[in-house]
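*Asks:* In the order they appear, the protein sequences are chains A and B. Residues in the first sequence are numbered consecutively from 1, following full-length UniProt numbering. Residues in the second sequence are numbered consecutively from 1, following full-length UniProt numbering.
Treat the hints as calculated values from the structure; they're not laboratory data. Keep in mind the model is a prediction, meaning the values are calculated, not measured. Do not rely on the hints blindly, as some may be mistaken.
Stated by the list, open to error - Every beta carbon over 10 angstroms from chain B, so not counted as near; a handful from chain A, in silico:
#1 170
#2 200
#3 201
#4 242
#5 280
As the list claims (entries may be wrong) - Covered stretches of chain A, going by a simulated chain B footprint (3 or more residues, C-beta under 8 angstroms):
#6 110 to 122
#7 222 to 229
The beta carbon of each residue, even a glycine, is placed where N, CA and C say it ideally should be.
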Amino acid sequence: MRYGAVAVPTSDLHPISSSRVNRPAPKKAFGAESGCHENLSTSSSEMRTQIGKKAHRLPRGHPALEPWPSDVKLYQPYEVEQILLQDQANSLAVQVFLRMCGLEFQVEMRSNAEHMSPSGKLPFIKCGAFVVADLDPIVSFIANKGINLTDHLDAAQKADMRAYMSLANNILGNAELYISWCDENVLNEVTCPRYGSVYSWPLNTLLTWRKQKQVTKKLTALGWITKTLDEVYEDVDHCCNALSERLGNHLYFFNDRCTELDAVVFGHVFTLLTTPLPDNRLASIVRSYPNLVEACQFLEKAFFQKPTANTTDGDSDNFN
Amino acid sequence: MQTAERNSPETTAETADVPLQLSNIKALVEKINVEGLGRTKDDLVIKTIKELFEAKDFQQVVLKSQEVRTKLEKLGCFKNVGVFIDTSKGQDATSSGLEITFTVKELKRVLGGINTLVGNNEGSLVIGSNLPNTFGRGEKLQVEYTYGTKQSKGFNGMFVKPLHNKANSILTSSFYQQNSEWPSSGYHLCEQGISLDASFDSVPLLRHSVQWEGVWRELSCQSRTTTFPVREQAGHSLKSALRHVIHYDNRDSAVFSNRGTLFRMVQELAGLGGDVGFVKHELTYQLNVPITNDVVLQGSFQGGFMKRLNDEKMIYICDRFFLGGPHTVRGFEQRGIGPQSDNQALGAQTYWAAGLHLFTPLPFKPGHGGLGDILRTHFFVNAGNIDNFNFGDNIKESARILTDRYRLSYGMGLMLRLGTVARIELNYCVPLKCQRGDRTHHGVQVAVGVQFL
């Protein structure tokens with residue numbers, strides 16, 4: 001990885017670096033440690049009845065109601081050479097969400113994933129004949145099949161969850177964009193080489209320049225362009241503070257069961273902790289909230305590691 | 001006394017019937033004036049009119065001065081050229097000397113215009129302006145903006161420099177941007193590029209073009225329903241290609257040809273830079289044989305073959321060949337033959353198409369000068385095949401593969417000529433042979449265009 005030379009403080013987290021992740025949901029491997037899956041397996045019968053209940057939203061025989069196919073693929077840019085902060089966070093959020101739901105999928109890396117996506121947002125999944133991009137549409141798409149993680153929430157909690165998801169995506173997501181595209185250091189050392197790595201000259205310079213203009217325009221519309229880097233770091237700090245307070249000393253945000261909010265926060269926290277940047281202030285800000293880090297580590301162990309019974313070295317590289 | 005003899009009735013009666021032979025009158029061009037020159041360079045004008053000094057008799061002078069006048073008009077510098085032949089006057093004049101004056105009117109510095117253009121199944125409006133005779137030697141600088149009926153938009157800027165030599169060489173450099181929609185494949189293409197071209201005649205009527213083109217293409221899906229194999233190709237690519245074109249056309253008319261052949265071969269090597277790499281050959285051949293005064297038999301053939309250059313460079317869907325439609329194998333939808341996915345054409349790397357046409361005048365023979373000139377009926381048989389064939393070394397086997405699952409259609413129709421460049425065809429087509437997945441069109445097909453199979 002062509003990053004600036006800053007040593008990443010050792011932690012239990014490993015950056016996701018494999019090119020292909022083929023991980024069917026190992027339902028039987030999870031024991032009592034993982035509260036989320038215990039609940040999933042015991043409530044599977046409840047889920048089945050709920051599928052029947054939810055199905056009345058769509059007409060019978062609607063293709064979206066078909067069971068989850070076995071060849072679903074998730075598309076994202078190349079992990080090692082190309083992907084940037086915000087796309088990495090979004091992709092991880094979707095991946096962990098799908099695993100939380102116990103749905104099988106494969107990760108496919110394409111250099112043109114951004115252009116393949118119907119809305120331009122990443123990641124996107126191809127499920128049968130459907131192509132759905134971005135976490136919220138994917139959550140709705142899966143909800144139409146009768147699978148969701150928020151049944152145990154009441155209306156107030158659901159509103160709460162939406163508010164926190166919006167907070168995480170707006171603050172952390174835009175901060176990731178700002179730092180990638182508006183900070184000179186990061187732009188020249190990290191973003192430009194990575195974004196242009198999949199194109200030949202002179203397209204690499206042209207397209208990077210064009211993308212920078214687009215991102216700057218978006219951040220101007222959101223009012224972020226006038227912020228200084230310190231203000232951005234402050235905003236990230238406040239956001240992590242709010243999330244940390246809500247999390248408290250639990251592992252999940254709501255009722256000790258995982259929801260989309262856990263997925264979103266996992267995506268951002270993991271990315272910010274494991275992406276080496278010329279200035280590692282972001283990582284240190286996030287690290288100053290140990291409960292967030294712990295929740296992230298817990299989710300990583302639960303959904304991205306092989307079951308320890310089958311591996312000789314539990315600490316080694318998580319993926320083949 | 002001499003006068004009286006000349007006028008005597010006997011002598012005039014004998015000499016009155018001898019016709020005047022222009023070729024017997026000795027003449028020499030002693031001086032050529034060119035009036036009206038402004039920015040046109042002298043050396044170009046001198047080169048063009050020089051041959052007039054070689055004329056030996058009056059007939060040659062008259063014919064050559066007409067030729068020179070046509071050449072001057074074709075230089076691209078002048079609007080009107082007038083010729084005035086007079087006997088030479090002045091001190092050095094001889095008795096058979098002639099003085100020729102060309103009066104030229106130079107083109108204005110800036111010209112503009114709005115034109116319409118007819119393409120294949122598309123009409124466009126072209127708004128352009130050009131600077132003719134920019135530097136005095138017939139160069140042209142031109143900028144055009146095109147807006148088409150199928151939402152295709154584009155502009156191009158071009159600089160043309162003719163070399164005015166025997167081979168009629170012309171150097172062209174241009175940059176362009178072109179947006180086009182391809183609903184039969186579900187994508188929208190935006191191309192921006194530069195191209196350099198050198199064209200020349202190696203023998204008369206055989207024109208070569210050597211071109212280099214660098215194009216930045218952006219492919220995007222037209223809608224959410226675009227099929228996934230096309231969606232996988234969305235994005236940016238860069239093509240840097242060398243191309244050689246040979247063109248030979250001795251037909252009497254490109255639109256309603258009565259006799260002559262057309263031969264065109266294009267060879268393209270992409271991959272010197274960029275991420276697109278292939279070698280492509282494409283051939284077009286057309287032979288017209290007049291059977292009687294009005295009936296013409298035409299045979300035509302098109303074929304193409306492309307191969308990926310190496311493992312690092314790719315071939316994109318916009319580089320591939322497509323077959324089917326009212327301009328190629330009639331009786332099928334646009335791009336309706338060959339690999340398809342969800343009714344959208346994916347294209348392939350090898351194809352051939354052949355057609356046999358019989359053109360006849362309208363049944364009730366309105367004759368010349370009326371509808372008969374611009375309307376014709378035609379009967380046709382079209383065949384073709386397209387796929388990503390895997391050819392081995394055996395030629396017989398390859399030939400068998402190519403013809404194994406060919407498509408066939410026949411029909412008849414009416415053709416209407418639009419000016420000298422395009423025609424409208426109204427055909428009733430019957431597809432005879434097709435393969436599973438092809439999109440056939442049994443019935444009436446209408447097409448406007450310049451090039452047809």
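*Asks:* It remains to establish, for every hint, whether it holds in the given structure.
*Replies:* Tested hints:
1. 170: 27 angstroms, holds
2. 200: Contrary to the label, residue 200/A does not stay out of reach of chain B, its closest Cβ about 5 angstroms off (not over 10 angstroms).
3. 201: It is violated; residue 201/A is separated from chain B by about 8 angstroms at its closest Cβ, not greater than 10 angstroms.
4. 242: It holds; residue 242/A is separated from chain B by about 36 angstroms at its closest Cβ, greater than 10 angstroms.
5. 280: Holds, since 33 angstroms exceeds 10 angstroms.
6. 110 to 122: Three-residue rule met by the region 110 to 122 of chain A, so holds; n is 7.
7. 222 to 229: violated (count 0)
Of the numbered hints listed earlier, those contradicted by the structure are 2, 3, 7.
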